[in-house]
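Visitor: Position chain B against the provided structure of chain A, taking the given hints into account.
Protein chains: 2
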Amino acid sequence: MTNLLRMSPEELRGYHAQARTRYEQFVARGVKLNLTRGKPAALQLDLSNELLGLPGRGDFLSGTIDCRNYGELQGLPELRALLAPVFGVSADRVILGENSSLSFMHDAVAFSLLKGNCDSERPWHQEPRIAFLCPVPGYDRHFFICQEFGIDMIPVPLSDAGPDMSVVERLVASDPAIKGIWCVPKYSNPTGTVYSEATVTRLARMPTAARDFRVFWDNAYAVHHLTEERLEIANLDAECARHGHPNRAFIFGSTSKVTFAGGGVGIFAGSKDNVAWYLKRIEKRTLGGDKVNQLRHLRLLQDTGGIDRLMDRHRAILAPKFAKLLDEFDAQLGNTGIASWTRPKGGYFITLEVLDGCAKQVVKLAKQAGLELTPAGNTHPHGNDPRDSIIRLAPSFPDLNEVSQAAEGVVVSVLLACSEKLLAA
Amino acid sequence: MTNLLRMSPEELRGYHAQARTRYEQFVARGVKLNLTRGKPAALQLDLSNELLGLPGRGDFLSGTIDCRNYGELQGLPELRALLAPVFGVSADRVILGENSSLSFMHDAVAFSLLKGNCDSERPWHQEPRIAFLCPVPGYDRHFFICQEFGIDMIPVPLSDAGPDMSVVERLVASDPAIKGIWCVPKYSNPTGTVYSEATVTRLARMPTAARDFRVFWDNAYAVHHLTEERLEIANLDAECARHGHPNRAFIFGSTSKVTFAGGGVGIFAGSKDNVAWYLKRIEKRTLGGDKVNQLRHLRLLQDTGGIDRLMDRHRAILAPKFAKLLDEFDAQLGNTGIASWTRPKGGYFITLEVLDGCAKQVVKLAKQAGLELTPAGNTHPHGNDPRDSIIRLAPSFPDLNEVSQAAEGVVVSVLLACSEKLLAA
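Line by line, the protein sequences give chains A and B. So for the first sequence, this note's numbering puts the first residue at 1; every next one is plus one. So for the second sequence, this note's numbering puts the first residue at 1; every next one is plus one.
Isolated chain A, as found in the complex (with noise of 0.2 angstroms):
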């Protein structure tokens, strides 16, 4: 492999040649897949059509409660209890909800601009300005929402072990219109970053300016290892409480991609006050989610060894499509100088960084090869990678096949974006 950052122009040039050449038999080959979005593939899905028949015709009751009728505000004790240990927390403490957990988030910061939430002084929207801190590169609709609501965006470097904390510690503890920050703490988006316990605690810790802050707690990939380890991060919950800040954690998950995508269970958790006060929000706009659902979710799950053996069956289908992305990079783009790409431990997402001002051509490229992949800029707050360096990668709904094609037809866009850059510099 060469490193393009030490050739001379005359090799460049023809390197670009030739990185010109392999892209349009690319082009050529007429594929058309779609690497945007962190999207199960039909084959994860069939591991749970179990659900499509359950909880089956005469079963309706959890307990005395039926199911099928109104009631239950904060969903079936059963399927809490099930759950909450895999947020770390007491199931009295965890709220069920719609089929995700980013409308959790979404409602959480809706409540809060029209209502504040338990700690605050006043409705948000009545403030001044408020501003979120995100880590980056992070989850664009972590972001849609902030933009959605006028609430500004601050972005904090993201390290190996989490956000940069001296960073964090600085902004929150002076300026109280900070009132959360967005964190995917274990196999974040899209980096597949796990927290260390520093940083946890830190969180947990610091003094902030507005009494109402927010760690805004997406752990949306708490159970969906890629190796045979089954990493743990640090509870944030009980960090905060043993520091006095027993309100800051708003803790979110959902079992969208342990179940189906598009009909699982979300979860809301937090303190005590912060239940009590999500619960007196949605008892306006609910009688309860969908408890049949939920049902069908604990028939399903059974015990958390339920999840555990279900997502052990994810992994055999993910992990080598993560492997052969990887892979491909290794033999093609490794010591080319012009990239380097994350090797996440879980989750959904490979996070590649090309030269500074390369990242949107290749997504450009890419496209014109009918490759889609998740639009550069979009891991940064509105859309704007300052270095335009960051692309997202989400191998998990195409097939092996189809990501080793995929995995080319990424390797030949940054060939050629690249040498393209170097040979205008």
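Calculated directly from the structure, the hints in this document are not laboratory data. Treat the hints with care, since some could be wrong.
Same chains, same label: a pair holds when it works inside one copy or across any pair of copies.
To be verified - Cut-off 30 angstroms, straight-line C-alpha distance, at most; resulting in silico cross-link-like pairs (DSBU-like, lysine-lysine):
{"id": "1", "residue 1": "Lys364", "residue 2": "Lys284"}
{"id": "2", "residue 1": "Lys345", "residue 2": "Lys280"}
{"id": "3", "residue 1": "Lys284", "residue 2": "Lys421"}
{"id": "4", "residue 1": "Lys284", "residue 2": "Lys345"}
Guide: Frame of chain A, contents of chain B only:
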């Protein structure tokens, strides 16, 4: 039957003593019944038990859409096509949501406060004051939404043909703070009122000072008939378009009282611009509703005829309960001069009107006798029924024998409370 209003003081004292004895005899029976909410009975839920096993293990496609995965923000086209005619709109102007229409109503208000609707000049929360017209008696959960968000509620009398339109027209023409009106146009909660064609036309035609005024059209009982006559109301959406106010109607509905109260499908419908506006909002909070549940409903209901057949079976269970209550009232309260009641042709409620100043006492006496009724006043904004005369009765949940006992409990509570009141006068 003796008219209490025409009794001599002595006759009244004797009558009151008898009423107390009857009441005490009822208390001694130790019944424990709940008539508070419009909750379907288990027998009604049984009608849709097939849902518990649907769509079935191998069935997850609607056309080419994999219902298990993410996507289809607006809901399955096939189910939209099935439900659209019930609400008098085309399928492209329907959004399918969670398991309740209440969340659509709540969110339509919340989104308007945070963002304004598609005709607003600014978010409603930036207005000095927001007000809604509330036909009374009305649905408490509508009022709770307004209360949650500090929206002023202006009561408007409900006539046999719907809200008093001369009052409505006068108010909305002059006050730009009035942004909406709550309507349950068919078999209204709690009176059973059916809006006349003239009412619907006037709602559609009337000039409003607020250009972003909306009719919140909670068509909760669109197919919930209690007689063989399948009453139709005028099409508000079409009328609004005809009168140059195409965006005026926000239409809400659900299958909660068609299939499972806790596991149905909610519906929002409106003009093209309203639907586009609403989709723009929810694309920040969800990747689409639970399509597996939508498919399940498609398989169960199959077509509009399927809905009608199912609703006939609900009627067979519900109508005798309503008849039982009305027969008891006729027999025991008729011509007493102290009470009157509605005879709904559909929906879930009977409104009982008692002597001014007696409703709270009736509910209190009933409660002491083991019979839970909706708190008196709940039919009015802020729980304030100025005449303290309206009681909402929900006979759906108890079985027929229990409804019979409940009727007796209501009757004896009314007789005691009202004779007491007359004695004290």
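Visitor: All hints are to be evaluated individually against the structure, with a verdict given for each.
Guide: Here is what the structure says about each hint:
no., hint, in the structure
1, Lys364 - Lys284, "between (46 angstroms within a copy, 25 angstroms between copies)"
2, Lys345 - Lys280, "neither (38 angstroms within a copy, 35 angstroms between copies)"
3, Lys284 - Lys421, "neither (56 angstroms within a copy, 35 angstroms between copies)"
4, Lys284 - Lys345, "between (41 angstroms within a copy, 28 angstroms between copies)"
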